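Chains as they are written, first to last, in numbering that gives the first Met the number 0: chain X, 0 to 114; chain S, 0 to 502.
It should be emphasised that the hints constitute simulated quantities derived from the structure, not laboratory data.
Note that the structure is predicted; figures quoted are calculated from it, not measured.
Glycine included, every Cβ here is placed at the ideal spot set by N, Cα and C.
Warning: the hint list may mix true and false statements.
[Said to hold, decoys possible] Some chain S residues flagged as far from chain X (calculated, every beta-carbon gap over 10 Å):
{"#": "1", "residue": "Gly-148"}
{"#": "2", "residue": "Thr-160"}
{"#": "3", "residue": "Glu-171"}
{"#": "4", "residue": "Ala-321"}
[As the list claims (entries may be wrong)] Selected chain X positions facing chain S (Cβ under 7 Å, derived; list incomplete):
{"#": "5", "residue": "Glu-10"}
{"#": "6", "residue": "Thr-12"}
{"#": "7", "residue": "Leu-31"}
{"#": "8", "residue": "Leu-35"}
{"#": "9", "residue": "Leu-39"}
{"#": "10", "residue": "Met-60"}
{"#": "11", "residue": "Tyr-81"}
{"#": "12", "residue": "Ile-96"}
{"#": "13", "residue": "Lys-98"}
{"#": "14", "residue": "Gly-106"}
{"#": "15", "residue": "Asp-110"}
{"#": "16", "residue": "Val-112"}
{"#": "17", "residue": "Ala-114"}
[What the hints assert, rightly or not] Among chain X residues calculated to face chain S with C-beta under 8 Å, some are:
{"#": "18", "residue": "Asp-9"}
{"#": "19", "residue": "Arg-34"}
{"#": "20", "residue": "Asp-57"}
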Amino acid sequence: MSLRILIVEDEMTIALLLEDMVTDLGHQPAALAMRLPQALQLAETEALDLAILDVNLDGRMSFPVAEVLERRGVPFLFATGYGSGGIVETYRDRVVIQKPFSLEDLGRAIDKVAA
Amino acid sequence: MSADRGPSAPDRMRDFPHGGGELGALIRRFDWSRTSLGPIDAWPQSLKTVANTLLLSPVPMVLLWGADGVMIYNDAYSAFAGGRHPALLGCKVREGWPEVADFNDNVMKVGLAGGTLGYKDQELTLHRHGRPEPVWMNLDYSPVPDESGRPAGVIAIVVETSERVRAERRREEAQERVRLSEERFRALVTATSDVVYRMSPDWLEMRALDGRGFLSDTEAPSIRWMDEYLFPEDQAAIWSVISEAIATRGVFQLEHRVRQADGAAGWTSSRAIPLLDDDGEIAEWFGAASDITARRKAEQHLRLVVNELNHRVKNNLAMTQAVAAQTFRNAQSVAQAQVSLSSRISALAQANDLLTGERGADVSMCGVLEQATRPHYPSLERRRIDGPDITLSPKTALSLSLAMHELSTNALKYGAWSTQDGVVWIRWSIYRPPGGGPKRLKLEWSERGGPAVAPPARRGFGSRLIERGLAAEMGGVVKMRFEQEGLVCVIDAPLTVYAEEEA
């Protein structure tokens, strides 16, 4: 099943890679946000099946985006270079992929979250 | 045995001296005719009286009779004389004690001239047991007159005080050691910059604390020291280490937070040892605590820096991975992909130089443009830049730098820099939208004098990075137009969200 996926990632090259990977995995990149305000707005308004959240968006944490998604019932996973220690208590049990990650890592994480 | 059965016949006849213990007997038996005193029966009454008085006294005394000072002494003196007794009896005093002959010579001269002498704790070196030893004595000498009233002898009271003097010296030395030790301790406490403190055996009461300006002082015993020096949330953990030290009578040692004299949170390295009393019970705890606030801050900062570095390394690897994946994805050949990848990794590395400052340190627009285009333009005149210098966030600077790298390599391969005299103009300005709203940045890359260009049949990673990536990065619109005169790329994005105009 093809999912509409929100990509929140502040590093341009990694954002583009994520778009490619999402496409390669048979899903659709629904929207791309690289900063917190855009991400909050897109999380609120876009029709989404899933979201991939970079934890640190140019110095600001993406947890408010997770909050919006949670409220809307949209599943999400975190992608981070900080390790799970950088994730707040509330979301510490969520799926996290460590950067850099492979296509297979991302595919497994999406399947786990979407299940 | 019969010879030892008792006094000989002449002894029994003698009634002088009366009694006098061992010395009395010895004197009665002694052949005094060999001395300058002459036979005992012929002694003047004055000599007999003094000698007999002396023999009956429990105080150590010796009578030195005549110019030679012939010695007559009692039992108590014989104990003092040690191994020199009984040979001393009847000796001339200067010969009897040859090691102190000068001293006794003076005694005889003064005494026979009618004078007295008194010494307190006089030290003399005597050979009482076959070897020299220091002996301390209280000595009192008085003249003894004969029947004519002139001094005929000297009587000496000799009280040995060696034991007392030695004991006093030992006590004085011990006191001196204690005094020195206390002095050193005070010097140590004064010399150190550490906080010093004393606690009751159970640590419930702080007896004193000298805070050295780091902590506030406690001068009188206080049971509220915990609230004074420790933050409530730290107290339980610190108390458990204290309890352990009390239970094991071991050393208390801990680095912990403290409330500084100025109220701020500081860090201290504290160490206390139990002082035990004579029964082995803890009398009190003595401790020293140093201010390690600066060190802890430096360590904390270092941890943050290391974490940040680790993150940046991972992030850079992820970016390299992303660039590599997309370069190969869009490549027409492996050879072309190799060249592109290598060039892009160089661009990434150079762009990273812009970001070596602390996180959040901004980067100038001119710096980014110069750094990204310099490796590519044929000469400086063929790259014109014009616009106000503004500062960019490091992240925007990195993305813009990569975009400018893509435009530059494209210009070198297919555009204005591929010909003899083509020029690239980079112009930017800040403007306020006609309809109002926040200020915007408009940046235009335009190539002139190059070959005629047409839109490429196939969009590569470069154009995607610019049109999609940079647009998303800057929160604006990026358009590429392939005009007859050359490529034009226009970036139009809000200024205020991502960049600050330089004041």
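Of the numbered hints stated previously, which ones are contradicted by the structure, given in increasing order? Checked against the structure, the hints that fail are numbers 4, 8, 9, 10, 12, 14, 15, 16 and 17, while the rest are satisfied.
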